[in-house]
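Asker: Chain residues, written in single-letter form:
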Amino acid sequence: MISYIIKRAMQSVVVLLAVGLVAFGMFRFVGDPIDNMLGQERTDADVERLRELLGLNDPFIVQYWDFLTGAIQGDMGVSFRQGRPALDIILERLPATLELATVSAVFAMVMGILLGIYTAINRKGFVTTTILTTSLIGVSLPTFLIGILLIYIFAVELGWLPSFGRGDVVDFGWWTTGLTSWAGIKSLILPAITLGLYQMTLIMRLVRSEMSEILRQDYIRFARARGLTEKTINFRHAVKNTLIPVITVAGLQIGSIIAFSIITETVFQWPGVGLLFIDSVQFVDIPVMASYLMLISVMFVGINFIVDMLYLAIDPRLRDGKEG
Amino acid sequence: MKRSLLIALSAILLSGAAQAETFRWAGKTDPQTMDPHAVNSAPVLGFLNNVYEGLVRRGKDMAIEPALATSWEAIGEGKGWRFTLRKGVKFHDGSDFDAKDVLFSYERASAEESDTRSWFAPVSEVKIVDDFTIDIMTKAPNPIFPDSIANWMIMDSDWAKANNALRPDKKNSNFATLNTNGTGAFMVTDRQPGLSTSLKPFKGWWDKAEHNISDAKFTPIDNPATAVAALLSGEVDMINPVPIQDAARVDSQNGTKVIRGIEARVIMLGFGHDHEKIKFTSDANKANPFQDIRVRQAVAKAINVDAIRQTIMRGSAEAASQLVSPAMRGYSKANMAPTAYDPEGAKKLLADAGYGDGFSFGLKCPNNRYLNDEAVCQAVTAMLAQVGIKAELDAMPVQTYWPELRADNFDMYMLGWSPGTFDHEHPVRFLVSTPNKEKKLGSWNFGGFSNARVDDLLPMVQSEIDDSKRQGMIDEIVSIYQSEQAYVPLYVQPLVWGTRDNIALTQRPDNFFILRWVNVK
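Taken in order, these protein sequences are the chains called A and B. With the working numbering applied, the first sequence corresponds to residues 925 to 1248, in that order. With the working numbering applied, the second sequence corresponds to residues -11 to 509, in that order.
These are calculated hints, taken from the structure and not from any lab test. The structure displayed is predicted, hence computed values, not measured ones. Every residue, glycine too, gets a C-beta built ideally from N, C-alpha and C. Check the hints yourself; a few may be wrong.
Pairwise CB distance ranges, derived in the manner of DEER restraints [stated by the list, open to error]: (1) A:1073 with B:249: 31 to 39 Å; (2) B:180 with A:1065: 29 to 37 Å; (3) B:180 with A:1106: 48 to 56 Å; (4) B:99 with A:1098: 35 to 43 Å.
Non-contacting residues of chain A with respect to chain B, defined by C-beta distances greater than 10 Å in every case (computed) [stated by the list, open to error]: (5) 977; (6) 996; (7) 1139; (8) 1158; (9) 1164; (10) 1190.
Footprint (simulated), chain B over chain A, 3 or more residues, beta carbon under 8 Å [as the list claims (entries may be wrong)]: (11) 958 to 968; (12) 1075 to 1089.
Let the sequences and hints guide you as you build the complete structure.
Answerer: Printed below as a string of structure tokens:
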């Protein structure tokens, strides 16, 4: 069992190293940061001096090695754009993204499950058809367009909700939150819906099909024959069994919510890590790009590692040291 | 009914905001630093012009006017300038301004670490005469020196010393990257890089305030559609730029308007003058047709600049005949006629040059640097096709565009140029002079255009004190680069800003947004 854990842990490390290597290999093609750091009246000598200072003249393998050795000591380099440690900048922006991701995940779960149950129980009818059609539009339109659409309806035409930013934010030093004020909550609504719409649809359709399946099972029929009320049958017996696969899928989707937030954050000028990443790409801010990519891959690798460990807990064959 | 009620309601809310005279504006780019000497770029210098000041400043008409210097005169047979400094000026932290700060700011801004050092290349020495007089000596007579330092901002020497910010730091930031202490009309009260920057009027400012703002807040908004939505919904009072395709909508909406102007930036096409061979397409490795002047002239005649202006720029650009716009110093009135659209003439020139059957080549273009740059290049490609030459367009983000041009990977390319000194000498020095690393000339002349007469005239222009003689020399340079068709100037890029109806402001051709000219009604 120990060897299994070590093996999985080693694989995670290899994945991280590979992500870093690919990222650094790509950075040579995203452009030259010098053009953003020096104005049009610069001389070749200025360019050369800055390249040397930033270590851009080194081969990318050397740059990668420097990044790795720094990263192990908690130093992810200094942002070309802001001149501050890249890790500090990312940690500053992370709460905004996590807050947005959490709220949209909750929105997706709650709405998805409720609508899924509703459409499973009431298989036909105007409301069900409307929900299903609307949700289809939700998954077919790109996030970008949905965001712009919502902005034009709710911010420009109706004037109910803000079109960009995070509203009033309270700063605790290590965490910032917009949830304590009405302005902050209002700012969260549109981005959270935009980001969560796809996941909501997914969960809704999953719940609907699972539940329809379960409602046809023998034990539901028996329950009905026993004279239990529809309410008890639906909510005590059917829903519980529906939720098992839903939770698995939902867990996997959390990672992609954070990754997808890049687009939503750009549309709403949401001050999170996704927007930071886009800004960094435009500026060719290599240390920030590298740190962001490493952070995201650490997150995905971490989730996968935990899933692997859960399999271990569930599957006795793995515990015996034989891989299934 | 319901909607008009909502509009009325939001109007009430908005007017409530206006009474506080908080001014919120959004731009595409966040100034990357608050250090006035670290980066010589328009977003940084434009923003900091509200906070820091120079010896001279530019007025609404772009002419220089006294700021921290009350007057200046040429001394030492033209080989220097004496500036008389303003008395009683205070920095935001309350300390006094004097000649010591000017000398310090010269040393700081011309240091190796500073991106602004090229402004001081002509300077030989800076001497303090007394507390409020300073002499700046130049290696040769330099008539435009006061014009060229309008963006040189003065920093308090004691403040810089106390906070360990004696030189700009491009790698690791220092105190001056995030904090400011200028003499300008506004002081920075809160700075969150990439998110927002807040300002307040400086009570102790030496000049009389023209604005009525009590608070100002700048937010960068990346996505143009979001910026337009923020303006339309009244969450910001001004945005720059408005995407040209959205301008009509912003103008027609109740409560917002568009302010149009002409920027200092001229958009042009450049050729690979020193390339022996074509580098791209199936004609690669054949002789470079653009080395023949008739082919270059044919390109100029084949492009219908008016059509580009009317369709892609929606009428808000101006045709260009030379490398600067008419508002710039040294604009050549003698050569102001742009090349006329003449496809037949172009075909004839091509036939004369032996390219009656046409040829193909690679055209490089940025797709996120200038207004609608890629669309313009597509139009150029189509227009050139009509006279029989086939451009293969390769449009790319600006991050990869400059490295590509520096590596000489083009047959023809697009370039925009805004002269930092607002003088015609600037594009001649950077775009027309023969490239020469030692003399720091022609550093953006990617195509390697070279003309001995221009190279001789440039130093003469740089040191000629007499304005009419100087203009004569510039006229000669212009007629050379026009007749040689060194570049094909297309148009002067428009400025399109959007504001709420209750905002009055002044738009300057350098695209600097000057807060002290803003009034909220």
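Asker: Take the hints in turn and mark each one as holding or not.
Answerer: Comparing the hints with the structure gives:
1. A:1073 with B:249: 31 to 39 Å: For residue 1073 of chain A and residue 249 of chain B the Cβ distance comes to about 32 Å; the hint holds.
2. B:180 with A:1065: 29 to 37 Å: Because 33 Å falls inside the window, the suggested range holds.
3. B:180 with A:1106: 48 to 56 Å: 22 Å, violated
4. B:99 with A:1098: 35 to 43 Å: 37 Å, holds
5. 977: 5 Å, violated
6. 996: 20 Å, holds
7. 1139: Per Cβ check, residue 1139 of chain A is outside 10 Å of chain B; nearest 42 Å; holds.
8. 1158: 38 Å, holds
9. 1164: 43 Å, holds
10. 1190: 6 Å, violated
11. 958 to 968: n = 10 at 8 Å, threshold three: holds.
12. 1075 to 1089: holds (count 11)
Hints 3, 5 and 10, counting from the list given before, are not met by this structure.
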